[in-house]
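Protein chains in written order, with my numbering: chain Z, 1 to 346; chain C, 347 to 692; chain V, 693 to 1038.
FYI, nobody ran anything at the bench for these hints, they're computed from the structure. Be aware that a few hints might be false.
In silico PhoX-like cross-links for lysine-lysine, where the CA-CA straight-line distance does not exceed 25 Å [unchecked claim]:
#, chain 1, residue 1, chain 2, residue 2
1, Z, K343, V, K1035
2, C, K689, Z, K335
3, V, K807, V, K788
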Amino acid sequence: MKVFTLIEIARFIGAEIEGDGQKQVSGVAPFEQAGNDQITFAAQAKFLKKIQSTRAGAIIVPLSCADSVFQTTLLRVKNPFASFARVMGMFHPSPKPPPGISPGAQVGRNFRCGKDGSIGYGAIISDNVSIGERVCIHPHVFIGNQVVMGNDVEIHPNVTIAAGCIIGNRVIIHAGSVIGSDGFGFAPEEGGYIKIPHSGIVRIDDDVEIGAGNTIDRATMGQTWIKRGVKTDNLVHIAHNVTIGEDTILVAQVGIAGSTTIGNHAVLAGQVGVSGHLAIGNNVTIGPQAGVAQSIEDGKTVSGSPQMPHKLWLRVQGILPSLPDLKRKISELEKRLGLLEDKNNV
Amino acid sequence: MKVFTLIEIARFIGAEIEGDGQKQVSGVAPFEQAGNDQITFAAQAKFLKKIQSTRAGAIIVPLSCADSVFQTTLLRVKNPFASFARVMGMFHPSPKPPPGISPGAQVGRNFRCGKDGSIGYGAIISDNVSIGERVCIHPHVFIGNQVVMGNDVEIHPNVTIAAGCIIGNRVIIHAGSVIGSDGFGFAPEEGGYIKIPHSGIVRIDDDVEIGAGNTIDRATMGQTWIKRGVKTDNLVHIAHNVTIGEDTILVAQVGIAGSTTIGNHAVLAGQVGVSGHLAIGNNVTIGPQAGVAQSIEDGKTVSGSPQMPHKLWLRVQGILPSLPDLKRKISELEKRLGLLEDKNNV
Amino acid sequence: MKVFTLIEIARFIGAEIEGDGQKQVSGVAPFEQAGNDQITFAAQAKFLKKIQSTRAGAIIVPLSCADSVFQTTLLRVKNPFASFARVMGMFHPSPKPPPGISPGAQVGRNFRCGKDGSIGYGAIISDNVSIGERVCIHPHVFIGNQVVMGNDVEIHPNVTIAAGCIIGNRVIIHAGSVIGSDGFGFAPEEGGYIKIPHSGIVRIDDDVEIGAGNTIDRATMGQTWIKRGVKTDNLVHIAHNVTIGEDTILVAQVGIAGSTTIGNHAVLAGQVGVSGHLAIGNNVTIGPQAGVAQSIEDGKTVSGSPQMPHKLWLRVQGILPSLPDLKRKISELEKRLGLLEDKNNV
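Same shape as in the complex, but just chain Z:
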């Protein structure tokens, strides 16, 4: 069990401390459940109102929070939720294989390995691979020839990173994902298909997190490009030559077809499908299960399959269940109109 003093925690998150900094806590907990040996956080007004009554040993609060009159120590920060996430990481670091290269790992020729790395049992590093400092490669990972990675990267078990791919700093790739599979491209010939070789790569920039069971195809030529700060959930498919912009979020089971570009700070909800060769702008939000077949301008929110503006979709989906009523009304109108026409000799 890890134990930290509140001063240690305050230093880690850059907090102003009010109360007993020597007090020790041994874990994190949600606001309602935190006990005297735990630290929690309060960001929303509904929790801030109740901070006098909490049993928590310490609370991370906004800078604007009023002084505490009780025993609880306050840690004031700009962004309590983000700071709490950092404190969770102090208590629950990701479990890693032992430091060093496991004797059960297989390392190819000309491996350049930065210091303080850990390469797990059964990991396979092909030839001419270069990785930075403090990189953690879990067991059963396969790394192809000439892959390059930055510092502080973590690759979970059973991941495949195919030859030539480039991974930035602080990237996390969860178990079972495939980076750099061939794109889905064929030239038709006599009723069948000739495979188009894929000589491009996948490039993943700094601070990207890739979920479990993703498949990200290499480019036909050039690169499939996942830019800084992108986060993907599980079972996401990204086709060849796609670009995903900075800090964009792809929720579970999203699929992006080939050569589409998605801007920065976009959010694609679960099970969204995007056709190929489209341009999706910055700050775009796409609702769950939407089917996107047309490009989208910056800042738009769309939903539905086919896509439409989100507010319009809310109205459309409100009307869909009343289609049987509308159909009946139209029939009634026809009858009533017919009677009236008869009466008027039309």
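Given the coordinates of chain Z, assemble chains C and V onto it according to the supplied hints.
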């Protein structure tokens, strides 16, 4: 080739036997195709009517089935289909690695391993893992620290079970699945995101079967909980802190977002998406590709995206193809009404 | 860097050459970007018009292309795009593990291995496996008992091929895919389910390419059958006892439920779901995200969920966003008609 006498089979499934119990059969087959050396079953009336004409060596039938007047031996049981499934298992046991711990497996410190297990070549068992009796861990499986499993568990190749997860008795996990990946949770900060560490686990109860290529995320805190008897098909995504109730069925490519609870005996058809923080009741049925954004009460059947009662959805989807007709009718009504208004000087 | 003379390339693709056959090129490039040391292709009129102005060292053109009056060498073929794909493969062959069986591979009893194969580190070949010539099995692949493969097969890392499956010639299976997992079949019993053992296999015929992260279930009895020339994209699910016809294309995240048959030369776009026990004809095209619950005749194009003829779906999806307008019009018609009825004393 395996051979059993009908008495052996009757004992295994608890059947009353009518006919020659010493007769041997060497396989199972569908009703129409079964030969004299095979056993089949008849549950529906259409097959029961024909049992005098079958060439099968034996037939598993309901308790209520009339006596046979022919040579075929009858095995009477309460549930012929379920009993037949059990008999199929006698003839076609799942192929397993040799008993014992393969010298090519890697076993960590303090491994508690029940008797009669088989741990395949290239399997990796981390530290402080505990597994029950007759557990089969196929090659290339990765098991994280402190994982606990019950008896008679089977883990297929290339599965990842991350640290701390708890697996019950008689659980089957098919190839390529990931149990215990981090949930998809981030705290927004200055246009980017801070990762929320996931210190919870995945708990899988007795008699669960997980399909191939599933991704089941660990809880942020606490547990993601797959309860007794749940069956998931392939490529299913279950997010952090989800609970799936007993005997619930998730068909292929279903996705369940974070913190949603699904009741017992529910059935979610293929490609269904369920939003986060919802409560889906017991005995709920959800139609294929439905998009569920609202909680559902016990016993309801819903379909569509957006979800609606299934019977309403049947009517709505019947009307959708006639929307062009309805639109035309509305235009005609407007014209006819306009003429009538002119005539009436309105 | 690979270098070929144009004569070598012309021989490989069966081209008629016009110009300097001794000229060497060292790579391929798109038409607009190709330099003097590269070869490109021109198939469409818009590029053929510009071939006098290209800087490319050589151009693959149709047989009908007029003579060049400039220095660029022309390679005339029947199908320039397919020939270009073949030339890409000359310059960018798929990276493979070293020839021979890696000492880090685990090979079972009675392995029949054709000549010139390469079996990567950490690959596991179970007992009684038979593979043809020039087969490449990448690291961390698991091959079950009695699997049979033809010649020139390539299996990428972390793939699972379960016992008994049959793989033809020139088959490619991308990373992380699972071939031969148990089908999703259960017999209901007392509110729970009894597993139906799956004793069938998966059979994959010649020239099939399976994408990354696919799951293809074995048959209950008999075979799940992927016929010659089928291409699947990533994260595709194919259930037990399905048949996919020759040269059919399944785009990413498609799911096919049990016992459905799909004809030859069909195209299923991304995220399509097909229900079980259906017959989809030859040359059928299914639009993205369609939900197919009924069989489809040869040559039809369908879209939508529920499915409808594609041209009808185009009209329906054009009307969906105007549903609020239509609803308002109906209300107006009711009011106007009511006034008219009052005036006519109806």
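Taking the hints in turn, this is what the structure says about them:
no.	hint	verdict
1	Z:K343 with V:K1035	holds, 12 Å
2	C:K689 with Z:K335	holds, 19 Å
3	V:K807 with V:K788	holds, 15 Å
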